[in-house]
Amino acid sequence: MYMTPVPAATSPVRILLIEDNPGDQLLTRKALARTRLEHDLIVISDGRAALDFLFQRGEHSNAPRPDLILLDLNLPSVDGPTVLADLKHDDDLRRIPVIILTSSEAESDLVGSYTRHANSYMVKPGTPDQFAEAMTSLSEYWFVHSRLCPR
Amino acid sequence: MTDEVHQELKEQLDQKIAELSRSNRELEQFAYVASHDLQEPLRMIANFVELLDTEYGDAIRNAPGDGGLYLDYVKGGAVRAKGLIDALLVFSRVGRGMRRRYFPAREAIDAAMLVLGPGLSERNARVHVLDPLPEIFADSEMMARLFTNVIGNSLKYRSPERLPEIEIEVRDLEGSYMFLVRDNGVGFHQRDAERIFDLFRRLRTDKNGAGIGLAICQKIVLCHDGEIFALSEEDQGTTISFTISKGAP
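If you read the protein sequences in the order shown, they are chains A and B.
Under numbering that gives the first Met the number 0, the first sequence has 3 at position 4, and the numbering climbs by one with no breaks.
Under numbering that gives the first Met the number 0, the second sequence has 159 at position 160, and the numbering climbs by one with no breaks.
Chain A with its partners taken away, still in its complex shape (with noise of 0.2 Å):
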C-alpha cells in the first residue's frame, strides 16, 4: 500500500492544540503565524473532549488526524498526562509527535512526561518574540528537517 508521506511545503500540516487558556491559545496562534510554516490550527480545550477528538469517538467520530500535538499540563476534564498516557498506550496514535507546552518548571512534570513518553518539552516562552522562535524552531525541526510518519 503507498502511503504519502506527510509533505513539507506542499499543502498544510495539521497541528492539534490542547489548551485550556484563551490567551495561551491566541499567543501559540500568532506564533504560528509568524512562522513561513503552511498549517491548520485545531484548538480544543478540554481533555477529554481531545481524548474523543483523536480516538474519534461519538460527534468526533470524523475527525481528521494530527500531524503533531501540542500539550498542555494542566487541562480540565482530564488532565494534560492522562490525555498523554491514553495517546501514547494507543498502537497507532503514539505515532503522531506530542510536544509538551507548559508554564511548569516543575522537574516532576518534566520527567512524568518523558515517562509517559513526551516526545518533547517545552516550556512557554515569556515574551510574544521568543514564542515566535519556539513555534519557528519548533516546525522547522517537525517538518522541515524530520521525517513524520504517514497519516
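To be clear, the hints were calculated from the coordinates, so they are not data collected in a lab.
Keep in mind that a hint or two might mislead.
What the hints assert, rightly or not - Derived pair list, reagent style DSSO-like, types lysine-lysine, alpha-carbon separation capped at 30 Å: (1) Lys245/B <-> Lys15/B; (2) Lys218/B <-> Lys245/B; (3) Lys245/B <-> Lys9/B; (4) Lys29/A <-> Lys9/B; (5) Lys29/A <-> Lys15/B.
To be verified - Here are the in silico distance ranges between beta carbons for each label pair: (6) Thr126/A <-> Asp65/B: 16 to 26 Å; (7) Pro63/A <-> Tyr55/B: 41 to 51 Å; (8) Ile44/B <-> Ile41/A: 22 to 32 Å.
Model, not experiment: these values are computed from the prediction.
Idealized CB from N, CA, C, for every residue including glycine.
Start from chain A and add chain B according to the hints.
Chain B alone, transformed into the frame defined by chain A:
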C-alpha cells in the same frame, strides 16, 4: 536532674524540632507554589502588554494624553515582577537535593574563581587565599555558589578608587570552620549588617540585582548548621564571615 524531668525536657525538645522542620517545609512549599502559580498570570500580562505595544503602541503613543506612559509602566512592572518571582523560585530551590561529603574547601573556591574569572581579571582584582585550607563536610555545589556570591559581591561593590583586593582566610573552631572573606570595597554602615541577608533587600539601587545573592548565602550556611555575619565600614571594606559545621565526628 531526675530521669522524669530529663525525659520531659527531651520530649519538649523533640516536639519543638518537629514543629520547626514542619514550618520550614511549609515555607519552602509556599515559596515554590507561589512562584509557580504566580508565573502563569504574569506570563499573560507580560505577553499581552508586549503584543499591545507591538500592534497598538504607535496609536497609543501618538494619541494625546499619557497612554504611552501607562504602557511603559505596565511593561516595567511586569519585568520587575518576573525578576522577583524568578528569584523567589531560585531561592526556594536552594538546598533541594543537598548532599554533604568531604572535599577540600579549595575546590569550592576554585570553582567560584572559574565562574568569576573574566570579571576579576577585567577589574584587575586580586584574590589572596591564605593557606592552609581544610577539608570540609558540605555540599560542593552549594559551597561553590556561596563563594561565588560572596566574592562576586566584593567585585560588584568594589571601590571606584582602589583596585579590588579580596582575602580569604579560614579559622578552625571547635565544631566548625569559619571562613572570612575580606574586601576593600565601598562597604556599608554597620547598622545595615543584618538586613543585607534579607530576601530582596538592597542597600544600593545603583547596581543591578534582585537582592537575592546574600539571602541565598545565608540559606546555604544555615543548611550547613552554620551562621553568617557581615562586618563593614563605609568606604573601608566588608568582611563576610560564615561557619560550616564539621559534621559528625
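Against the structure, the hints come out as follows:
no.	hint	result
1	Lys245/B <-> Lys15/B	holds, 24 Å
2	Lys218/B <-> Lys245/B	holds, 17 Å
3	Lys245/B <-> Lys9/B	holds, 24 Å
4	Lys29/A <-> Lys9/B	violated, 64 Å
5	Lys29/A <-> Lys15/B	violated, 55 Å
6	Thr126/A <-> Asp65/B: 16 to 26 Å	holds, 24 Å
7	Pro63/A <-> Tyr55/B: 41 to 51 Å	violated, 35 Å
8	Ile44/B <-> Ile41/A: 22 to 32 Å	holds, 27 Å
Hint compliance for this structure: hints 4, 5, 7 are not met, and every other hint is.
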